[in-house]
Every structure is written in C-alpha cells, then in structure tokens.
Amino acid sequence: MSRDLAGTASEQVTLRAVLLAIIIVVLLLLTGYLQSWNTALVILDMGLISAVMALGVNLQWGLAGLFNVGIMGFVALGGLATVLVSMPPTIAAWSAGGGRAMLAILAGAATIAAALFVWRRIPGGAVRGLTVFAVLLVGFVLYRWLLDPAVDAIESVNPAGTGYLGGLGLPILLSWPVGGLLAAGAAWMIGKTALGLRSDYLAIATLGISEIVIATLKNEDWLSRGVKNVVGLPRPVPYEVNLQSDPAFVAKASELGLNPVMASTLTVKLAYAGLFAVVLIILLLLAQRALHSPWGRMMRAIRDNETAASAMGKHVTARHLQVFILGSAICGIGGAMLTTLDGQLTPGSYQPLRFTFLIWIMVIVGGSGNNIGAVLGGFLIWFLWVQVEPIGHWLMSLITSGMADGSALKAHLLASAAHMRLMTMGVILLLVFRFSPRGLVPER
Amino acid sequence: MDWLNALIVLANFVVVPALTYGSQLALGALGVTLVYGILRFSNFAHGDTMAFGAMATILATWALQSLGMSFGALPTALLALPFGIIATALYLLATDRLIYRFYRRQRAKPIVLVIVSAGVMFFTNGLVRFIIGPGERNFADGERFIVTAREFKEKTGLSEGLAIKTTQGITVLTAIVVVVLLFWFLNRTRTGKSLRAYSDNEDLALLSGIDPERVVIVTWLIVAALATIAGTLYGLDKTFKPFIYFQLLLPLFAAAVIGGLGNPLGAIVGGFIVAFAEVTVTYAWKKVLGYTLPDDIVPSGLVQLLSTDYKVAVSFSILVLVLLFRPTGLFRGQSL
Amino acid sequence: MSEPFLVGENLTGGYGSADILHGCTIAVDKGEIAVIVGPNGAGKSTAMKALFGMLVLRQGGVRLEGRSIDELTPSQRVMNGMGFVPQTSNVFPSMTVEENLEMGAFIRRDDFTDTMTEVFDLFPILKEKRKQPAGQLSGGQRQQVAVGRALMTRPKALMLDEPTAGVSPIVMDELFDRIIEVAAMGIPILMVEQNARQALAIADHGYVLVQGRNAFSGSGAALLADDEVRKSFLGG
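Chains as they are written, first to last, in our numbering: chain P, 1 to 444; chain S, 1 to 336; chain V, 1 to 236.
The reader is advised that the hints may include incorrect statements.
What the hints assert, rightly or not - Pairwise CB distance ranges (calculated):
#, chain 1, residue 1, chain 2, residue 2, range
1, S, T191, P, T14, 49 to 57 Å
2, P, T14, V, G23, 24 to 32 Å
3, P, K192, V, G23, 53 to 61 Å
4, S, R101, V, Q59, 29 to 37 Å
The hints are simulated quantities; they were obtained by calculation from the structure and are not laboratory data. Nothing here was measured: the structure is a model prediction, and the numbers come from that model. Where is the CB? At the ideal position from N, CA and C, for every residue including glycine.
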C-alpha cells in the first residue's frame, strides 16, 4: 500500500517534469512562429547554457544546501579558459615578458605555500605571526618586482591588436573541460577556506571571490586583454559566410524555401544547440547517476540532518567540498560554452547581480534538489527573462497610451520598462520560494 | 625629510578620505549588524536599502529645491533626510510584513532568510532603477569645500594642500551624532534595552513580556534611519548610482564580521578598519615616501600595493582572514 | 480544604503526539514551598512547563487563585503574576546584573526601585556586582540573578526549574536559604529539583513523579521519612 503511494508521488514528479518540458517546447515554437525562428534559437542556445549552470548550482544546493553566490566568478573562469586554450599565442609578447610573468606567478604561489608551511611548522604565538607576515611581505615584493616589468612589456606588444600573452592555439572545444578544471581549482581554494562556517558566511565569501575573479579579468590585460576584450575566438561550428558561399548549402536552403543568409544563421545556431545539448545530456546523466548512487544518498542524508551525520563520523565539510567543487566545475564548463557562443571574452559583461540570482531563481523555481527540475527551470526562467522585456515594453505602452506624448512621466515610464525585469524576477523568486519552495518539479 | 608636507599629503589622500569612507561604512555596517543580532539573519538587501534611502532623499531634495528651499552652505539633502528616512521605514516595514515575518514565525533556517533577502535585494535594485533611473545623479549643493587646498597652502605656506570637502565634514559629524544617539538609545532607554535583551536571549525576553513584534518594528525603523543616512552621505560625498550600492555589500559585511556580527561597537570599528585598509593598500605612496625618505632611495614606481580596481580584494581578504582566525570577530559578536 | 493558590490538576499531555504527563496533579499554597522530585525523565520539568503554558494539554487544567488560566500564553501568565526561572539560559549574559533586573520588571510601568532594593537585600552579592555583565558571573551568582530577575515583577507565585543544577553544595545551601526567605515573604514557590533529599528537607509539600504520574505526595518531612521513597529515590 505504501509502495503504491510512493510510486504515485514519484509518478507525479515525472508527470510535472514532462508537462514542464512540453510547455517549454511549446513556448519556443510559439516564439518561432510569432516572432522569428532566429529569436527562438537564440533563446534555445542561451537556455541550454543556463540549464547547465542551473544544474551546477542545483548540485550544490540540492545535495548540500550550499548558497553559492559566486557563480559569476566560475563562469568567468570558464570564459578565460576559452581564451587561454584556443587563442593563438602572441609570440612577441611571450618573448618580451612571458617567461618572467610565469616566474612571477610561480613566485606568488611559492610564497603562499611557504607561508602555509611556516604556519604549520612553527607553534602558535607572536613569532609565528611575525614570520608568516615577513614571508608574505618578502614574497609579495618579489612577486611585484618580477611581474610589473613583465606585464608592461607584454602589454606594449601591439596593444591595439593583442597586448597579451594569448593562448595555446588548441581547438576551442577543449576549453570546455579546461574551464571546468579552472573553476574546480578555484572552488577548491575557496572551499577549503570558507566551508565549514555558517552558511551566510559562505555566501559572502563566494560573492567576494567572484568579484575578485572578475576584477582580475578586467584589469590584468596581459592575461585577458581586460576591458579591451578578446574578440574573434575560434569556432567549433562553421561561419555563416562560409556556409553562404557553399553552393551545396545554398541549394539545400532554397529547397527548404529559405534564403542563404537566413539559412546560414539558423544552421549555425542549431549547430551550437546540438553541441550544447550533447554536453547538457552528458552532464545530466552523470548528475543523475551521482544523485542515485550511494554517495548521493549519503550527501542527502547529511543535508537533512547534519548533526546526526557528523555524529556518525561522516566528514561533513569534506563532502561539502566535493559537491562544491563539482557544482562549480559544471558552472565553469557552462561559462566556457557561453564565451564560445559569444565568440568573444567580455569581462565587463559579467554582472554578478543579474546573472547569479537569475540562475538561483532557475534552481528554486525549477525544483531545488531535482536535477531535471533545475534544467527545465533554466530553460523556463531564461525564456521569461528574455521575453519579459518586450512584454514589459508592450505593457508600459499600454499603460501610458492615455498620457500625452512628450510628457516626462510617460518618457520615464517607457524607459523604465527594462528595470521591471529585475523587479519581476525578484518577485518571482520570493513568491516561488514562499508558496512552492520545492519548486515546480520537486525532489523525489 | 619634510615631515610636515608628508603629513599633509597623508592627511589629504589617506586620512580624510578614510575617515569619511569609514564613517559611511560604519553606519551601513551598524544596520547589517543590528539586523543580524536582533532579527538573526544576514540581510543581503542592505546595500540596496541604502540605495533606496538615498533615492528617497534625492527625490525629497529635488522637491525642496523646486520649492526654492535650501540649507545655505550645507546640502539641501540634509533637510530632506527625514522624508527619506520615513519613506525607507515604510518600505522596510512593508517588506517585513509581507515577506520576512512568515519565515520568522516559522523559525526558518538562517540560510532561507538569506536567500529571501537576496530576492528582496533583486526587487529593491530594480525598484530604485525604475523610480529614479539607472544613471548618475549628483545632488550635492551648497558650499563644496570647508577649506580648499589653495586656502590651506596660502594660510600655512606649505607646498602641499589639505582640502576638506563639506560632504566629508558632514559625514564624519553626522556619523558621530548618529552613533551617540544610537548608543544612548540602546543603553539608556527601556525600548533600547529590550532590543538588546531580545538579541541576547530571545526566549527569556519573551518570558519577560517583551513584545517581539514591537522589537522587530523598532529594529527596522532604526535600520531604515541608518541605511538612509549612510546611503545619502555616500551619495553626497561620491555620487549616486544605483548599482554602486550593491558593491558596498562586501565591505559592509566585512566590517560587520570583523567587529563581530551583532555587536554595534564592533561594526563601527570594523567599518574604519576596512576603510583604512582599502585606502592605504590602494594608495600610491610615492609622494609621501618622496617627502620622508632621502632622495636616492625613493622608489621609481608608484608604490601602490594594489590598484584601486582591486579595492574589493582588500575587504575580501580581511573578511577571509577574520573568518579563518577569529570568526566571532574582534568584539565577540554572535558567531554560530 | 480550600482551593490551593496555584494548581495544575490531572495534567495529561506532551510536546508532540506522545504524552509525557499522565493525569498528574501539582499544587502549592500561599507561603508554601512545594517541590517536585523524581527520577530522570519522570516529567518534572514538563509538569512545570505545563503549569506555565508551554505545553499542549490534552486533559486537565491550571488554575491560579481559583481562576482557570489555560487560555493564557506564557507571557500573559507572567503578566498575571506568575514568575518562572528556567533551568538554563535564564539570564541576559551580555547585559549587566542591574539591566537583567530591569528587564525582569519590563512589564511594570510603575517605579520599581523599591523592588530592586528588596532583591539586592535578598541577594547582597548582586548589589556588589550590579554593573557587571551577567555572563561573567559564577554559576551560583547567575542563578541568583535569574531568581532576582523573576522576582522583579512581584510575582504572586514563583516557579523554579532545577535552580541548583550544576552548583556546588555550599552554593546550593545558600540558594535554598534564599528560597526559604522568598517563601517567607508570602510568595508560594514551586520547585523542580534533582537534589531530592535537600529539596524535600525545606519543602512544605512534595510530589514524587514517576513516568508522568503522581507516585507519592505528602509533606516534605513525611516523604523523607517514608521507607519506600527513601529506598527508591533517596538512596536509602
């Protein structure tokens, strides 16, 4: 009897997931018919990327109850990975100062390692504190002495075109897992420091680290060209112009009744969608297997009763660290995908306020703790985020239609329609969290 | 060795700005620490509450200015502050009644309230932009300087000048007044003591007949005042842009944690520690070193430890250090 | 026999679905000290919490001065004259001794300096340390602050949950002396105690609870003399 009931609840969840998926497909199709297929595909591509990031966040929240507000930092690291992996190396910059810069970074790392070593070896007290401080001071001076001239040299090599070290010139698809690794590394460092403390401290700490990562990307021109951006990233899919000049492609397009330009943009977007979908499916399958594995069950047991679990000897913080690293790595992969889609690294575009909380809304609305729910939530919320703007404009025009043209209030309201997005998203987060905290597709 | 000039440079580019910024952070961190100590959650919406308060004051300032009122040498915004505070108080009470109260009654886990406050932050940020637009607003009027660099150089004959802006003076003075009032309230009035009691031992406070709803309302009123004043002073001194207040979140929390979350004195001390750290670490010391060291050993570079773009790294590093080594903070606030 | 000043009659209930109390009755009269003793888990503190309104009662009721107070919340019972000293977390640690007493008198709108003087007379050490944060005092002194805090409302009845828990025997004696003095002021005192022998020695009335039921009742002296009680709970 109870087995039946459990089955029904689980079936309900599956039903909800299927329904939600159907709704999303329908929304996309409607967009295609009513607006344009281009728009629909743009939404689909970003929706897939959002879904990946939502999955990464859901692992951390659903399995361990971690409120990671630093998602943007990991996404940015993924973006950096695309540059470091796929852009051609700037030989002149490397010979001008590349070696020295690498040496500086090694020196910096060695300083931190030395400081930690001293900290562990010397017993506590003023001596230890002073020694560590001295080590850090000397190391910092050395690091700056090595780095500053190297940076100047690198950045003066053709600043308009390059002015940075470049990358390894490898295929850009490789940067996706590399982005995950970079993010994992950063997550390991933060996790070691900030996990095991109160949950709101973790939130503040992750917020801080993402701000620092983004500040680094914006300012260390020798690494990432800073706000000059790295444009022209190589592509894993064909270029539209190449497709348009391919006779076979043009012929196929006219068969379907499309002009070459339209066909080429649609094809390219579909190609991206295909790649992204493959990644998403792989990650989702892995995440589902992890969730249902003994490890996943243990994680959820810890989450539900941390005191009992740690009393039973489970190393709660170590487990949290695992989940934190895994989830952040997935966000890093998503970040690499995002930058690949953009075709350029734009450090200024990483805005913690908007995107981080948007992903959180995706997880909460979709279903915290349910991987499929989070993924579907990613699609749905991204769709809403994009479409709320035109709807907002339309609504605002409706509201102000009675007002005199050229009135200051009307102009102001029309211009403010964009900000309604933020407010709407905030309200959605609050409403869903209050009335449906387990989300549309809850955890089983 | 030109000590006097070195001191003036130090005062002009480090001490005065740090004192000003520290006062702003102290007032903001007080709001954060009070919400944490009494309402028991980390309020991620506090930065944008400051933005809301500043916005309300700006609107009131414009209204006053359009009525032809001014405050003489002082910014009109000071006259508009009460209106800004009232508006912010109403807003905070509304968010409490509509949003936070439900979770408080449920005795929800702290992380739930943090997420909820993030939602409120999102909404408030959008609301401020919606009402006043995302652009920069300069609303300081009145005398710009208490003493200009040129006046100073003329009066003292030194080659370096010390300029003190009106907004800097007002910030420090207002902060002192507010802090004195706040501490008088908390330590010498019955209501203030009831807030401290509620923060100290909630069950016993309830048993003593302290009305929890009243405590909550009074707390939000104080927080509204603190946030509005801090946000307005910051906007007067620097400039008003809705998105900069979100960036204050990290220094504010760093200040509150350093001092000990829940401890008002700690929040003030923490605010100044963060401010001085940020300013000194990102300051180019070349000039000061030029005045104090013999000419041949003055370094050629700017001698700037970190560029100002990395200000956030300073408060973050301090925060991490405190969390690693003394999570309860300097004054032993309430940790876990 | 006239109605006792404070009585919890036929109390049955618990914190959730399981009952802890099964029809037990506790009463105390003016100027009396009533003591509840019993083995661990007998429901002693639970019975006291029931009298204070912190428990959901399935059966039975509580009456103060003959009137039912079942509908009142704990805060309202305080305002109606009941004083309660919890076992733990019974002071405001970051506030001074004097501020603790002030908070004790929070519901009073009149001038309570006389009451504070009385409390200081009763507990002279508190007067000495009035400006010290309560959290810095020793265990026994903190208990005095806790009792003093409860007395600030001039309660009609005072309830103490294991006041001597964790204090040394000397301090325990001193606390019991003070409690007798308070009772002598006419305030009925109801006390849950782990130190059964010493508590019964000062009790006018004793209730031995076992598994939420009244096992033995009588005067303190009678219970002390009773063989069965002695063997079961007082170690012979």
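Cross-check of the supplied hints:
no. : hint                          : verdict
1   : T191(S) to T14(P): 49 to 57 Å : holds (55 Å)
2   : T14(P) to G23(V): 24 to 32 Å  : violated (50 Å)
3   : K192(P) to G23(V): 53 to 61 Å : holds (57 Å)
4   : R101(S) to Q59(V): 29 to 37 Å : holds (34 Å)
Checked against the numbered hints above, the structure breaks only hint 2 and satisfies the rest.
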